[in-house]
Amino acid sequence: MEPDAAAAAQNPNPSTGPPAISAYYQTRAEHHAVVSSDWLAHAAAAASLPSSDAADAAADAATSLLSPGSNGGGGVIEEFNFWRRKPEAAEAVAAIMALAAVIRSSRATTMMELEIELKKASDKLKSWDATSISLSAACDLFMRFVTRTSHLEHEKFDAAKSRLIERGEKFGEISLKARKTIAMLSQDFISDGCTILVHGYSRVVLEVLKLAASNRKLFRVLCTEGRPDRTGLRMSNELAALGIPVKVLIDSAVAYSMDEVDMVFVGADGVVESGGIINMMGTYQIALVAHSMNKPVYVAAESYKFARLYPLDQKDMTPAHRPIDFGVPIPLGVEVETSARDYTPPQYLTLLLTDLGVLTPSVVSDELIQLYL
Amino acid sequence: MPDVQPLVSEFVLKLKRRKVEGSHAVARQTAELLRSVVSQHRMGSTNQAAALADAVRGVGEQLIAANPIELAVGNIVRRVLHIIKEEDISSTAVGIEGLSVTAESDDEYDSGNDDHPTLSAAVLAAHARNALRAPSLQTLLEDIPVSTALSRSASSAGDSDGKSGDKSSKARKLKHDVIAAIGDLIDEIDTCYDQISEQAVEHIHQNEVILTLGRSRTVKEFLYAAKEKKRYFRVFVAEGAPRYQGHVLAKELVEKGVQTTVITDSAVFAMISRVNMVIVGAHAIMANGGVIAPVGMNMVALAAQRHAVPFVVVAGSHKLCPLYPHNPEVLLNELKSPSDLLDFGEFSNCMNFSTQDGTPLLNVVNPTFDYVPPKLVSLFITDTGGHSPSYMYRLIAEYYSADDLVVRRKSTSS
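Top to bottom, those sequences are chains Y and P.
Take the first sequence: its letter number 223 is residue 223 in this note's numbering, and every next letter is one higher.
Take the second sequence: its letter number 231 is residue 1231 in this note's numbering, and every next letter is one higher.
Bound conformation, chain P alone (with noise of 0.2 Å):
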């Protein structure tokens, strides 16, 4: 643990100093970052899994208090939890002979498995699963039985004291199995332009006009792709005000022969009537399939369901947050240094603070994001295929565990 201090230390102070830009970059550094405190984290004797866990969640959480507003720092520390308990579980599945270790952080399963080692693997394996998932009708009479009903006597104190030697190398396989899994989620980070830009020619047909809105790279790529297979199509590129990250975009589109149109932001609603389908980017999709996403989005998302135009947001599941906004137009949202709207010398006389009560008349507002409601998301574009706003929770059930939603050490929140 005092290896990967330093490093998380590092991390965090680029976090506060939003010094990583964009979420894919944010996803696979926390990722990279929490493969080294996984690799670094000595494996005790008993309840392995737990105290990797809150190891994880000890760093996420400073990772999280860093920069909140970053949500793909928080995905990816909840998805290593869900690993590690995965993992585990399988681990538990397959030698279960007479283990007590399930180091469930779940309380209820892990009782319930010190009651009756006797059980067949199976139902072992069943009862871990639904640990595992989110609560559903189907568990909702029997998710407490299994400790109670059948109460045996607990016999497996004695074999965990002599098998002390089979657990250090069920600890070490535990730790492997992790890391290699963590391997492959750094990988799923990396491929995801390809997966979602895969789907492309099944989205953007012949002669059909795209508006987009500033840079995202997922979009770029997936332009890229639906051009490779010879797609003929067209490419209106809002400028994405005050940071004109469009203007990268369009000349980026242009060295690859797309037909481009650069428009002001303030045209969209003048070019939507144009326009088949709408592709952008994401910062991040919340649970109910509301979109953070930069600034003007929200603009561009009304014009488009005013004209009954397709709104399709493309992003990697490292993008999918958990959580539900709260008033995401201020909780979820950042203002940036005016200079990027205004020159520092433009409106000097306007700054003026000597006038009435010191504030000046002159205030630079500069958000970055805007949330677009689920309602005017047409579809998802993640690399697992296209989903609907209502179907975002799926996904999450997927890839996150239920008590993880509030990523906080065991010990300070019991």
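Next comes chain Y alone, as it looks inside the complex (with noise of 0.2 Å):
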């Protein structure tokens, strides 16, 4: 893992080469996938907690020494990565962890040179890693909430100040409140005996399914494969460690075994501003066999993922490439398509499950819009 961040920390950006490599999709590889053959193994050694979470403390606790020091510009790419690393984490908290980290070590004396120095920081981060949606999503409602909280009752600044360190650092807290929000809004929409198809692994979906278990009820989970990183079989490691039962598919099987599932449940890297997702590979093609089969695909995902794009098309995104490992060499002179996401328009989603309650996609450029205008 050590190897790998660090290349990931030297040459990010996509700007600096034709085959870049999305940052964003490389750490959920990290944190979800299971690369090689012994799978199983390295699942176990995971759910053995308490030995490898001491083991992750030790090393934060040695990153963290570094991190702190560092301020101005600099030092928000390394507490984000700092925080990135961290499985539990959700990049957004990571971004918001970081400009939280500038407020604290920035000199400013007036709210002005706060924002603009928090500005910079924001945009150093977010042209760090284009590809990360929840990344700029993140960086701009910290932003928003600055300004407001700015013109807000606070009259002196270092109360403002230290409200808004304070409110960073809870926000690890508000996006596991917000993933327990949705797993109890969904609830009522898994009933007894129904087959649910997920794709590849998603925490929010994972906690899901999770409370549904432990609520007694009793489903069938069809998982997909998730290449080309098999997120899919960690997840359903996951849940068969929970007593669900599970079936894993190849994710070319989703047409075939359509037919016998009730509901598709998927996560989601960005909510955009139509109200369709953006999600990993292959998220649109389950979603267009769901639609025309007729079966209802909800969206569980945290209202910070919310973003201000609105694609047009598949193409119309910063491109986040991946590397996709074949197995077989390719032969010369053959194209890999290694694009890691897709867009789902919001015609094919029929509810998005979010901590804000559960919203049909339209509410999604409501509340971007109350936010942002």
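Do not take every clue at face value.
Unchecked claim - With a straight-line Cα cutoff of 30 Å, these simulated DSSO-like cross-link-like pairs (lysine-lysine) come out:
hint: 1; chain 1: P; residue 1: Lys-1251; chain 2: P; residue 2: Lys-1230
hint: 2; chain 1: Y; residue 1: Lys-177; chain 2: Y; residue 2: Lys-217
hint: 3; chain 1: Y; residue 1: Lys-315; chain 2: P; residue 2: Lys-1256
hint: 4; chain 1: Y; residue 1: Lys-295; chain 2: P; residue 2: Lys-1251
hint: 5; chain 1: P; residue 1: Lys-1229; chain 2: P; residue 2: Lys-1256
To be verified - Label pairs and their calculated CB-CB ranges:
hint: 6; chain 1: P; residue 1: Phe-1344; chain 2: Y; residue 2: Met-184; range: 45 to 51 Å
hint: 7; chain 1: Y; residue 1: Thr-318; chain 2: P; residue 2: Gln-1206; range: 27 to 33 Å
hint: 8; chain 1: P; residue 1: Glu-1208; chain 2: Y; residue 2: Ala-240; range: 58 to 64 Å
hint: 9; chain 1: P; residue 1: Glu-1346; chain 2: Y; residue 2: Ala-240; range: 37 to 43 Å
hint: 10; chain 1: P; residue 1: Val-1364; chain 2: Y; residue 2: Gly-243; range: 39 to 45 Å
Source of the hints: derived by calculation from the structure; they are not laboratory data.
Model, not experiment: these values are computed from the prediction.
Beta carbons are placed, not taken as given, at the ideal position from N, Cα and C, and that holds for glycine.
Taking the hints as your guide, dock the two standalone chains into a single complex.
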């Protein structure tokens, strides 16, 4: 994990080379994927939490010794990378933690100065990994919060500053709470005896299914493999550990199995203004198949993933690439589609289950407009 | 409280026996009952609004359990709970003066207010409104902080004892306001037909052909209003088996001089190509824009979609339900007596229970409702205007508070 992360830290910027690898999807793969064949052993090691946690904590402590010394622009990215490496922290949490750290180390004496400094840091963070939607959405959200707070009731700069830091650091909790809320809201949608299709690994979807299982609901899960990082294997492993009957499919077997499916549950990397979602490759085709067979598609996503983007088609996004291992050498002169994500338009989604409540796709733009206009 | 109990039990019994017909009557009677519950409620010295809301919730729980299919009951209970909250907040915002009686059911807000009574009224009102509103992106980062960021000593403890006289008058005012607001709600339920039919001329044009199914009072008033404005149009009425309410509507329309044709339900698809617009009533509108409507409606909606005919649903806002339908065909449906379909004597020889394992060979199923998914609905016309199905959530956010979706007494839930 260490050398990988170092590599990602070195060269994640898509502008540097043609086959630029998306740092966001790199992190996802590190956290959720089972790249090697002995994935069971790996998962078992991950399951024995206490020991690995201790190791993690030690590693964190080591890194945290390094990170806070930095102030000014360069520190944001280090701080962000530090948080990003924690498997439980969402990317948005890492971004907001990093921005909160900027505020803490800032020597600004007025709100205006602080805002400018923060703007610089957030721009830097955003351009560092332009492929991550939740990163830029979280930066925007926090900037918006800072702007609104400054001309709110606080007269004293220090009070405002400490409040901003405190709120930023609470964001991890907010994120966890959001997942819990989503899990609670979605319980009504899972009925006894139903079959749920999930695509790859998603923390929120796992939380939903976990809660349903602990509510003694009886249901079956079909889990896609989630090539190329095979995050679905990790998902199925965790589901099986919870005692949920689970079946793994290859990604191309979705249409074949759709008639036994009652509903599709997917997570999202980002929810865009149209109400559609951007998610790992394959989500769009699953939604299309589900739509044509009249099966509901539910998206479980935290509201801080709502992004001010309006993709018009699949190619209308910052390209996010990832290496794909085909197992055999690719013939010379053959191109490989390495895009890591796709866009699912809103008409193929039934409902969004978010911490703001159960929403129809059209609510997303409403929320965004309320916040940013 | 004991004074209203007989009233409550009487209404519960009526609901259980399905003696109250139609969501309008149910909504109105529920609102009236809740008004008397509120007026009989004895206000305590602290937390009046919470106690009041709890009393309403207790009654509401019984009413909803009495007939869970009749969603209008739950809607009105939630509306009243929302009213109590709103009135409470507006009264706190007006007479802010060191009163720690927010009595918000929302705990965060409660503690927030107690912590710093010196905050300006405007700020407090803003926070109160935030607490009332559904969670949004705007409040994602800032909802909890008020109570934690600035911790000032609770200086209002001494005040609250000294101002008990002031408080009781405040409590009376709150109660009075709530009763007045429920009165407004009842008026709104009564006048919803007028509000809806005012919009009729905007939607029904000269020489159009309208199709409807069964009989809905809202639809009737809507068509009447267009007729009164000298619009000439024709109406196809599908009879609405098995209750044949369509026959009644046809008679009523003819009396007003509307050109009317009665067709069987099964002829809807044959006629739909000649129709300009389908206008129907509803039993309830769900939060996703789906409609619970009299049986046969889904077929009409599908026929309308096939021929790209606008499918318009007219309904008062008391039919707006903040819940999402889960398996609505089964869970939000009611099976009525088979006597609507068959005469009792007619099939008596088929009802032979002695065959096989004691189950008769003939089954009669008489469901009351259909679920029409939101994608089949073109437009909703409510008393607040025309809305697309995907906009229903907005109206719901206006009428209900998010934490009232489950009507249950606080004491039992916590």
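Hints versus structure:
1. Under the criterion of a C-alpha separation no larger than 30 Å, the hint pairing P:Lys-1251 with P:Lys-1230 is consistent with the structure, at around 19 Å.
2. Straight-line distance between C-alpha atoms of Y:Lys-177 and Y:Lys-217 comes to about 22 Å, which keeps the hinted pair within the 30 Å bound.
3. A C-alpha spacing of about 59 Å is found between Y:Lys-315 and P:Lys-1256, which places the hinted pair above 30 Å, so the restraint is violated.
4. Annotation: proposed proximity of Y:Lys-295 to P:Lys-1251 is violated, straight-line Cα distance about 42 Å (limit 30 Å).
5. With a CA separation close to 12 Å, the supplied pair P:Lys-1229 and P:Lys-1256 stays within the 30 Å bound.
6. Taking the beta carbon of each, P:Phe-1344 and Y:Met-184 are about 48 Å apart, inside 45 to 51 Å as hinted.
7. Between Y:Thr-318 and P:Gln-1206 the C-beta distance comes to about 53 Å, which lies outside the given range of 27 to 33 Å.
8. Judged by the Cβ atoms, the range 58 to 64 Å given for P:Glu-1208 and Y:Ala-240 holds: they are separated by roughly 60 Å.
9. The hint said 37 to 43 Å for the Cβ distance between P:Glu-1346 and Y:Ala-240, and at roughly 57 Å that hint is violated.
10. About 43 Å separates the C-beta atoms of P:Val-1364 and Y:Gly-243, a value consistent with the hinted range of 39 to 45 Å.
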